[in-house]
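Just so you know, the protein sequences line up as chains U and C, in that order.
Under this note's numbering, the letters of the first sequence match residues 9 to 440, in that order.
Under this note's numbering, the letters of the second sequence match residues 4 to 131, in that order.
Treat the hints with care, since some could be wrong.
[Stated by the list, open to error] Derived DSS-like pairs: lysine-lysine, alpha-carbon spacing no greater than 27 Å straight-line: (1) Lys-114(C) / Lys-76(U); (2) Lys-85(C) / Lys-76(U); (3) Lys-105(U) / Lys-77(C); (4) Lys-73(C) / Lys-120(U); (5) Lys-60(C) / Lys-105(U); (6) Lys-114(C) / Lys-105(U); (7) Lys-115(C) / Lys-104(C); (8) Lys-76(U) / Lys-87(C); (9) Lys-73(C) / Lys-105(U); (10) Lys-120(U) / Lys-38(C); (11) Lys-87(C) / Lys-105(U); (12) Lys-76(U) / Lys-73(C); (13) Lys-120(U) / Lys-114(C); (14) Lys-76(U) / Lys-81(C).
Treat the hints as calculated values from the structure; they're not laboratory data.
Each chain, letter by letter, is given below.
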Amino acid sequence: MPPLSSGQQGGEGRWQPLEVPWTHTNIPPQCVQPCCRPLCYEQSEHRLHKSSQMKMEEMSLSGLDNSKLEAIAQEIYADLVEDSCLGFCFEVHRAVKCGYFFLDDTDPESMKDFEIVDQPGLDIFGQVFNQWKSKECVCPNCSRSIAASRFAPHLEKCLGMGRNSSRIANRRIANSNNMNKSESDQEDNDDINDNDWSYGSEKKAKKRKSDKLWYLPFQNPNSPRRSKSLKHKNGFSVCTSASNTLPLLFSSSGELSNSDPFKYNNSTGISYETLGPEELRSLLTTLIFLFQQCGVISEHTKKMCTRSLRCPQHTDEQRRTVRIYFLGSSAVLPEVESSLDNDSFDMTDSQALISRLQWDGSSDLSPSDSGSSKTSENQGWGLGTNSSESRKTKKKKSHLSLVGTASGLGSNKKKKPKPPAPPTPSIYDDIN
Amino acid sequence: MGRAEGNRKVNGTEGERVPPLPTCVKFQLVSKMNKDAQMRAAINQKLIETGERERLKELLRAKLIECGWKDQLKAHCKEVIKEKGLEHVTVDDLVAEITPKGRALVPDSVKKELLQRIRTFLAQHASL
């Protein structure tokens, strides 16, 4: 139908088709045949306009009739429902003719296969809940079986590719660089990570036990020196100067690294005479460590347990075994009555060791006060504080720092000062 | 709806199909109508104009799907089609079978809500 021009009626020209029921009697005689003469449209529009005006008047009068309104509402509702039904019919018919009406039906066999499972302990697919928790994966790098939930962090460290692993590795490089200064000729002399040793002073505020890592890779005394190759392979270097030494390496970043498992060598003894200053320092550190921490070497990770002497994971027997291994058969497990138990032991042992080694004495260092086992670790780390400073200057002072540490340890134990116990030197006798 | 099915609508009083009138004639009939019819027409017009009819339609459709009406009707359809044979289904057949069942299956809550909305609309717009 051609649209009506609005100009003809002076602005009123809105053409609205009307849903108008009509009967034969209403047809005006002059317009029976189909025609589209403009005149007719004009006429019809005119009449429409009139009728709408009439309607407006009528609506306001008759709109108040509630029953009529209700009837109208019912009609409208019926229309809407019929629309929906028809729409649905068309959809179904189209689906039937296009062939996809029966597509979503499943055959009875599949219905049985995929029936919903409703047994206790299973989900609706019939799978066991939490099955993956107990599953273990084999690490492709170190060929160890790791729990599934721990696999990702393990792999990160095992491969040395995560963010943290590279941090540890860098620190280790720096550590070993400084330790190997006298031995290696090609190492970078980075002093960037000097702060590794200043644990006691810098990290007083961050006394987190979990941050510490003591890592003790043992080396076969008969194998050639592998400090460089180890460094390149694992990102840290092992400090060795002689075959009969006890190489020690520890990370101050406080993160575990599984990159180099221990190799126990029971034939390794400790001969002090052949140890260089670095080895002695690290050895002393180990000893101090053993006096303050659990120290039990886990078979799993080959690392010393860094928990307190009352660590619940390991028994005293285990701790004694470790200490015997390190210190000889007469090693005594430190008392575990309080976290500050090791006062006398520390003082005596370190002092004894020092006296035996005939080092120069100086009291450079005073590590932080120990109020708990955590801080007692800091004292052990206090060793590192001076080491960092000494590294910056000359080698000689490393001796001093060590000694200073030892005496500092003794002097800092304010809570339980005890007289030194006589029998401690025997430990070292046995070792020698 | 009406125009597309102009051929389907049957005159209520006479019960027989009448040929469609030319448009010009239809407009002339407006003035001849009684008040009720006019009112109905006006209300329908208003419904369409404001878009309320579309909204109501959508609302009804959503509610029917929600309450499972569509699935019930689909199951019924499947039976009908299986009876008649997949190849021989026509629209008229489907309409004849399904529409009465569809009307009956509409839940009361849906019907009430829709009627409520229509009444609200009428109350707003009846006075114009």
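Going down the list of hints, with the structure as the test:
1. Lys-114(C) / Lys-76(U): With a Cα-Cα distance of about 19 Å, the restraint between Lys-114(C) and Lys-76(U) holds, given a limit of 27 Å.
2. Lys-85(C) / Lys-76(U): Given pair Lys-85(C), Lys-76(U) is violated - Cα atoms ~44 Å apart, limit 27 Å.
3. Lys-105(U) / Lys-77(C): holds, 15 Å
4. Lys-73(C) / Lys-120(U): Cα-Cα ~26 Å, so holds.
5. Lys-60(C) / Lys-105(U): holds, 26 Å
6. Lys-114(C) / Lys-105(U): violated, 32 Å
7. Lys-115(C) / Lys-104(C): With Cα atoms ~18 Å apart, Lys-115(C) and Lys-104(C) stay inside 27 Å; holds.
8. Lys-76(U) / Lys-87(C): With a Cα-Cα distance of about 42 Å, the restraint between Lys-76(U) and Lys-87(C) is violated, given a limit of 27 Å.
9. Lys-73(C) / Lys-105(U): holds, 19 Å
10. Lys-120(U) / Lys-38(C): violated, 63 Å
11. Lys-87(C) / Lys-105(U): Holds, at about 14 Å.
12. Lys-76(U) / Lys-73(C): violated, 31 Å
13. Lys-120(U) / Lys-114(C): violated, 38 Å
14. Lys-76(U) / Lys-81(C): violated, 40 Å
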